[in-house]
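Q: Chain residues, written in single-letter form:
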Amino acid sequence: MKMKILIVDDSKSARFFLIKSLPKDIEIEYKECENGLECVNIYQEFAPDLVFLDLTMPVMGGEEALAKIMQMNKNAVVYILTADIQRTTYERIMALGARKFIKKPPNKEIIGFVVKELADTLK
Amino acid sequence: MSNKSSFFTEDETDALQELMNIAFGKAAAELAEIIDISVVLSFPKLETVKIQELPDFISGDLSINTKCNIVEQTYKGEAGGVAFLIFPFGSESDFLSLFHLDEEDELELFADADREILAEVGNILIGACVSKLFDLLKSPVIYTPPHAIIGQEFGDKFFKGRFSGDDCAIILKTSFFLSEKSVEGFLFLVNNQSSVGPIKHALAKLFESYE
Numbered sequence: 010m011k012m013k014i015l016i017v018d019d020s021k022s023a024r025f026f027l028i029k030s031l032p033k034d035i036e037i038e039y040k041e042c043e044n045g046l047e048c049v050n051i052y053q054e055f056a057p058d059l060v061f062l063d064l065t066m067p068v069m070g071g072e073e074a075l076a077k078i079m080q081m082n083k084n085a086v087v088y089i090l091t092a093d094i095q096r097t098t099y100e101r102i103m104a105l106g107a108r109k110f111i112k113k114p115p116n117k118e119i120i121g122f123v124v125k126e127l128a129d130t131l132k
Numbered sequence: 588m589s590n591k592s593s594f595f596t597e598d599e600t601d602a603l604q605e606l607m608n609i610a611f612g613k614a615a616a617e618l619a620e621i622i623d624i625s626v627v628l629s630f631p632k633l634e635t636v637k638i639q640e641l642p643d644f645i646s647g648d649l650s651i652n653t654k655c656n657i658v659e660q661t662y663k664g665e666a667g668g669v670a671f672l673i674f675p676f677g678s679e680s681d682f683l684s685l686f687h688l689d690e691e692d693e694l695e696l697f698a699d700a701d702r703e704i705l706a707e708v709g710n711i712l713i714g715a716c717v718s719k720l721f722d723l724l725k726s727p728v729i730y731t732p733p734h735a736i737i738g739q740e741f742g743d744k745f746f747k748g749r750f751s752g753d754d755c756a757i758i759l760k761t762s763f764f765l766s767e768k769s770v771e772g773f774l775f776l777v778n779n780q781s782s783v784g785p786i787k788h789a790l791a792k793l794f795e796s797y798e
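Top line first, the protein sequences correspond to chains A and B. Numbering follows my numbering, with no gaps: position 1 of the first sequence is 10. Numbering follows my numbering, with no gaps: position 141 of the second sequence is 728.
Keep in mind the hints are simulated off the structure, nothing from the lab. Honestly, I wouldn't trust all of these hints.
[To be verified] DSS-like mimics (lysine-lysine), calculated; alpha carbons at most 30 Å apart, straight line: (1) B:Lys654 <-> A:Lys112; (2) B:Lys787 <-> A:Lys117; (3) A:Lys117 <-> B:Lys632; (4) A:Lys109 <-> A:Lys40.
Because the structure is a prediction, the values reported are computed rather than measured.
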C-alpha cells in the first residue's frame with residue numbers, strides 16, 4: 010500500500026529538502042502545496058496518511074491550517090516541520106493536535122525514521 | 588529598484604530565504620528564552636539589492652522616516668560581511684521594558700541603558716541568525732562586538748565610504764511581535780561582491796547534500 014503524504018511549505022527549497030529526505034524503501038505518493046489554504050483544500054480529496062506542515066507561511070499559516078484539519082479529521086496525522094522552535098509555539102501547536110514537532114532543516118535520518126514509524130502502524 | 592537576478596538565481600534566493608527563516612527562528616527562540624516572552628514571527632521576505640539602493644529600499648518599505656535605531660556587527664570569513672538590525676526610533680524603550688530591570692540594574696547600566704539593551708538584543712538576534720545561516724552553509728565566520736546607535740539617520744551618509752557600489756545587501760524583512768508590543772524590524776547582511784561566489788558555492792553544496 011502506498012503511503013500518501015502531503016507536503017506544505019511556501020519555500021520550494023524547503024519542499025525539495027523534505028522530498029529528498031523521504032525514505033526510498035517504502036512506496037510513497039506525495040503532493041505539494043504552498044500554504045495553509047491550499048493544504049486545507051487538498052486535504053479532503055487527497056486524504057493523506059501524513060501531512061508535513063510548515064508554520065510560517067503567507068495566505069494561511071500552518072497553525073490555522075492545523076486547526077482546520079483537526080476539525081475535519083480528529084485522527085489526522087500532522088507533523089510540524091518548522092523554523093519557529095520556541096517552547097511556547099511547541100506547546101500551542103501540540104495542544105492543537107499535531108503528532109510531532111520537528112525543527113528545520115529536515116534531516117534524512119529523522120524524516121526516514123518518523124515516516125517509517127508511521128508506515129508500520131498503517132500496515 | 589531590486590536587482591536580485593544579478594546576484595542570485597530564483598532558486599538560490601528561495602534557498603537563502605529558507606535558510607534565513609531557519610536561522611531567524613533559532614535567533615527568536617534564543618531571545619524568547621532570555622526575556623521569557625513569545626516572539627511571533629512573520630513570513631520573512633528576502634531580497635538582494637545593490638548597496639547604493641539600500642537606503643531607498645529601507646525607507647520605502649519600513650515605517651522609518653528620518654531616524655532609526657541600528658545595531659551593526661561585522662562577521663569575517665570567506666563569506667564575511669556586516670549585519671545590520673534596524674528598528675524604528677523609539678523602540679528602544681519597548682525593549683528596555685521587556686527586560687524587567689530593577690533599580691540596581693538600571694543604575695549599573697547608567698544612562699546608556701537603552702543602547703546597552705539594544706546592543707544585547709542585536710547581539711542575540713544577529714549572532715544566532717548569522718551563526719546558524721553560515722553553519723547551514725558550512726562557511727564559518729567570526730564576529731566583532733555589536734555596536735548600537737540610537738536615532739541614526741539612515742541614508743547615503745551612513746554608508747558613504749564604507750562599501751563599494753558593487754557590494755550587495757541581502758535583506759531579510761521580518762516583523763517581531765514581542766508580547767503586546769509590536770516592533771517591526773529589518774535584518775540585513777551586506778556582503779561584498781567577492782563573497783557572492785562562496786555563498787553560491789555553499790548553496791550548491793547544500794542542494795547536493797540532499798541528492
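Q: All the hints need checking, so say for each whether the structure fits it.
A: To see whether the hints hold, each was checked on the structure:
1. Proposed proximity of Lys654 (chain B) and Lys112 (chain A) is contradicted: the alpha carbons are some 37 Å apart, above 30 Å.
2. Taking the CA atoms of Lys787 (chain B) and Lys117 (chain A), the gap is about 23 Å. The hint holds against a cut of 30 Å.
3. Taking the CA atoms of Lys117 (chain A) and Lys632 (chain B), the gap is near 27 Å; set against the 30 Å cutoff, the hint holds.
4. Under the criterion of a C-alpha separation no larger than 30 Å, the hint pairing Lys109 (chain A) with Lys40 (chain A) is consistent with the structure, at around 20 Å.
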